[in-house]
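J.: Put chain B on the given structure of chain A with help from the hints.
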Amino acid sequence: MYLHNQVIQGLREKKRAALARAVTLVESGSEHAPHILEQAYKLKGRSKIVGITGSPGVGKSTLVDSLIGVIRERGHSVGVIAVDPSSPFTGGAILGDRVRLRSRTTDDGVFFRSLASRGYLGGLSRHTGEVITLFEAFGFDYILVETVGTGQSEVDIMRYAHSVLVVMAPGLGDDIQAIKAGILEIGDVFCVNKADRPDADRDVAVLEAMLALNKDWQWKPPVVKTVASQGKGVPELLDKIDEHLEFLKQSNLLEERVSRSYLAALEANLRRETVDLILSKARSDGTLAHALKQLSEGKTYPAALAKQLVKTYLIRRND
Amino acid sequence: MERKIRVLVGKPGLDGHDRGAKVIARSFRDAGMEVIYSGLHRTPEELARMAVEEDVDVVACSILSGAHNTLLPRVVECLKKEKGTDELDVLVLAGGIIPAEDVEFLKQNGVDEVFGPGTSTQEIVEYTKANLKR
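Keeping their order, the protein sequence lines are chains A and B. Those letters in the first sequence? Residues 2 to 320, by the working numbering. Those letters in the second sequence? Residues 2 to 135, by the working numbering.
Simulated from the structure, these hints should not be mistaken for laboratory data. Bear in mind that the values here come from a model prediction, so they are computed numbers and not experimental data. Check the hints yourself; a few may be wrong.
What the hints assert, rightly or not - Calculated cross-link-like contacts (lysine-lysine; reagent style BS3-like; alpha-carbon spacing at most 25 Å):
(1) A:LYS216 - A:LYS233
(2) B:LYS5 - B:LYS23
(3) A:LYS16 - A:LYS45
(4) A:LYS16 - B:LYS84
(5) B:LYS108 - B:LYS130
(6) B:LYS108 - B:LYS82
(7) A:LYS250 - A:LYS216
(8) A:LYS15 - B:LYS84
(9) B:LYS81 - A:LYS15
(10) B:LYS82 - A:LYS16
(11) B:LYS5 - B:LYS130
(12) B:LYS134 - B:LYS108
(13) A:LYS16 - B:LYS5
(14) A:LYS15 - B:LYS108
(15) B:LYS82 - B:LYS134
(16) A:LYS16 - B:LYS134
(17) A:LYS308 - A:LYS294
(18) B:LYS130 - A:LYS16
(19) B:LYS5 - B:LYS84
(20) B:LYS5 - B:LYS134
Unchecked claim - Covered stretches of chain B, as calculated for chain A (at least 3 residues, CB under 8 Å):
(21) 23 to 30
(22) 79 to 86
Every residue, glycine too, gets a C-beta built ideally from N, C-alpha and C.
With the rest of the complex left out, here is chain A (with noise of 0.2 Å):
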């Protein structure tokens, strides 16, 4: 039997050692993985998918252990998806999401993966999107996905979760942040952990007086304050990431977002073909090592050259 057969019935039967090995080959590109992929999609079931994002430091794998443990205790499965940085330089990793998740570790009912970001920018790596399938074909009921801290600009995570959650603390930032463009646009539901620091009040004015600006909001992101450690408010943040939910169900935006995901993986993976596609023909004939040679002289430029080898091998001549 194939391994990839073997792999995909693992995930009908639903054991843990085929999903966690249907990650390693996904993320490593093997030749297994486009097979495992095209069952995964038959099998996938709705489950919801939470992104989990904030600056580093905030709580947000603290605030994952205390949300896992809400959603258990409702009767409901979890999957886990946590992504830390590679280095730049070795490629290596310390991924240290594992060390918050304290109570639930040995819960049938829950699944934990660390991924590294693998010089990935956009605050998760290359091969969530996949990776997140196949958490749906496992079919948990929740998906959480928690980004590597951000700073304020890795969005990635709002093509792939149904629902976004922002976490923030205290004493980060003025107003003046909070009404800077990218990571604070795309919350669906805010938190503020740490409340029981001085400024948690004014760090939810700041935010609701910054939501209030927007004057036409179908759906007016709520700001909820938890004490992660300490699982205060944490049920009311998951209801709040309920009602989101269902608002987009009700309001038909849910399937928007399912194929704005799916526009999201065809995109990454029309990159990829077409960039290994036109480097291995170029690289082929020649032509990679003469364009290199041309672009040190100085007789063309980067953007110039990438036009001339998309005409040269992607578009038919007689077009």
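T.: The following block gives chain B in isolation, referenced to the frame of chain A:
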């Protein structure tokens, strides 16, 4: 793309000292591996579950409490149970304060290698790369 080597650095049992675990985690990282750190005070059952979900190539346990003869064979046992096979494709390593006379017992019980105090991190990394099981 080649497959990355993934390592679980585990702290089984009740000792609360993880400087060594963090140093070795960092060394694996610098050797280009992806390292999952378990955090302190884990049971063998928890470590085995983590190893399966993270699909690691290596489980490296750091233990300073003296309970290695109890905990480490139990980690191996739990791994076999979680994986549903006696033929583990995971390299099991141990480090910390482990007396020389206990090493043979641990090796008979499924631990592949034991590294004592003073071992260079480079030696551990090289051993790991040379002895992967898959």
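J.: Is the hinted pair A:LYS250 and A:LYS216 satisfied, with a Cα-Cα distance of at most 25 Å?
T.: Answer holds: A:LYS250 to A:LYS216 is near 22 Å, not above 25 Å.
J.: Is it true that the CA of A:LYS16 sits at most 25 Å from the CA of A:LYS45?
T.: holds, 15 Å
J.: Regarding the pair A:LYS16 and B:LYS5, is the alpha-carbon distance no greater than 25 Å?
T.: holds, 23 Å
J.: Between B:LYS5 and B:LYS84, is the straight-line Cα distance small enough, at 25 Å or below?
T.: holds, 20 Å
J.: Tell me if the straight-line CA distance from B:LYS134 to B:LYS108 falls inside 25 Å.
T.: holds, 16 Å
J.: Is B:LYS130 within 25 Å of A:LYS16, Cα to Cα?
T.: Distance ~29 Å between B:LYS130 and A:LYS16 Cα, so the pair is violated.
J.: Check the hint pairing B:LYS5 with B:LYS134 against an upper bound of 25 Å on the C-alpha distance.
T.: holds, 14 Å
J.: Quickly compare the C-alpha distance for B:LYS108 and B:LYS82 to 25 Å and report which way the hint goes.
T.: holds, 19 Å
J.: Between A:LYS16 and B:LYS134, does the CA-CA distance stay at or below 25 Å?
T.: holds, 22 Å
J.: Are B:LYS81 and A:LYS15 close enough, with their CA atoms no more than 25 Å apart?
T.: Holds: B:LYS81 and A:LYS15 sit about 18 Å apart, inside 25 Å.
J.: Does B:LYS108 pair with B:LYS130 here, judged by a C-alpha cut-off of 25 Å?
T.: With a Cα-Cα distance of about 19 Å, the restraint between B:LYS108 and B:LYS130 holds, given a limit of 25 Å.
J.: Checking one constraint from the list: CA of B:LYS82 to CA of A:LYS16, max 25 Å. Satisfied?
T.: holds, 13 Å
Hint compliance for this structure: hints 1, 14 and 18 are not met, and every other hint is.
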